[in-house]
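**Student:** Line order of the protein sequences matches chains A and B. For the first sequence, our numbering gives the first residue as 1, with consecutive numbering after it. For the second sequence, our numbering gives the first residue as 1001, with consecutive numbering after it.
Worth flagging that the hints you see were computed from the coordinates, not collected in a lab. All the pointers check out, no bait thrown in.
In silico DSS-like cross-links for lysine-lysine, where the CA-CA straight-line distance does not exceed 25 Å: (1) B:Lys1162 to A:Lys95; (2) A:Lys32 to B:Lys1163; (3) B:Lys1111 to B:Lys1126; (4) A:Lys38 to A:Lys23.
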Amino acid sequence: MPSYELAVILRKMSRPELVTTLKRTGQAIFEKGGIIRKIENLGTRELPYRMRVHNHSHTEGSYFLFKFDAPTNTLTNLHDSFLRDIDILRPSISKVEPVNFPEECTLEEELQPPAYRKSVEVLLKQDRKKIFKKGYKNLSNEYI
Amino acid sequence: MLENFTNFRLLRQITRQIQFIRYKKRPTPARKNIWEPPAPSKYFRISPRPVIPVKEQEELKHLYDIYRTHFRALRHFFQCEYEKTTRLSIAVAEKMKEEVSEHAYLMEQNKLENERVAEIRKARRKCDMAKLDDELSQAEQSLSQLIQEERKKLDELVLKEKKMNSTYITSQTLETAIEDALDNLTTYDFAIDLNGVIYRDDKKESTYI
Chain A
1 MPSYELAVIL RKMSRPELVT TLKRTGQAIF EKGGIIRKIE NLGTRELPYR MRVHNHSHTE
61 GSYFLFKFDA PTNTLTNLHD SFLRDIDILR PSISKVEPVN FPEECTLEEE LQPPAYRKSV
121 EVLLKQDRKK IFKKGYKNLS NEYI
Chain B
1001 MLENFTNFRL LRQITRQIQF IRYKKRPTPA RKNIWEPPAP SKYFRISPRP VIPVKEQEEL
1061 KHLYDIYRTH FRALRHFFQC EYEKTTRLSI AVAEKMKEEV SEHAYLMEQN KLENERVAEI
1121 RKARRKCDMA KLDDELSQAE QSLSQLIQEE RKKLDELVLK EKKMNSTYIT SQTLETAIED
1181 ALDNLTTYDF AIDLNGVIYR DDKKESTYI
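Given only the sequences and the hints, what does the whole structure look like? Please build it.
**Tutor:** As structure tokens, this is what we get:
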């Protein structure tokens, strides 16, 4: 099961109502055979623009983040159920890719200007190779 | 005609006098041009077939038959003569013999060359096969190593997940987790120092409703 993030915007509600809607979303994930790793509250604030959902316009909303794992084939159903929920303004599920940090990496190296960084040097070499190959190909077409 | 004129000035004078006729109005009794349609008065006119007398036609046919037979005989004669000079002559036969012998010699040479090349090819193929075997064994080794590494990584992942198992939110602990989340607001809007010190903007907190 790959891990996903559900960033959800709920309409402005009282605390008990919020709890019930969050419970509902959590239970929906459990019913599909998922695992919830973490629930985060990102606060209640003004929306960036007026959202019109289920025939009601909203200017404020509360933001929550669910970190969960679920089977891939259940995601569309999950998203659909969230869309049908009246209290949810915007549900968005995105995949969490594992971050692979480089093994050997020091802050001193990273703070150097780009031309002196090892990673950039490798990229430059690759580019040079490409250019050489291109030139050689053109030559072969014309003269051989 | 123009070759005779070595004097250029004269030539130019002559060429100036030449007129190129693109279209000329045809004189009264003349043939119509090919692209012009038939005259409206001649649309339904059927031209009469030429009448040839029977005797005259028979005579013409007889003459043509004679002409045809004579010419066939002549053609045959010429063909025979030509064959005598080419295919049936002694010089030609000798040449043919030479060619046959040369062909045999060349075939033999070709066979020898083929044998020589075959030997070289055999050796090269043997060498190639050895190389391929070496590469295959190396690839097998590297693949088995890769599989082992992958298995190790997966085992590590499974162990890690097993350890994390206690921190998962279950349906029983869902309500408490939600309450906890509602109490503790998390903000990712902060700056970080080289020493890992986190700076938050207290003024921005007030913008939260």
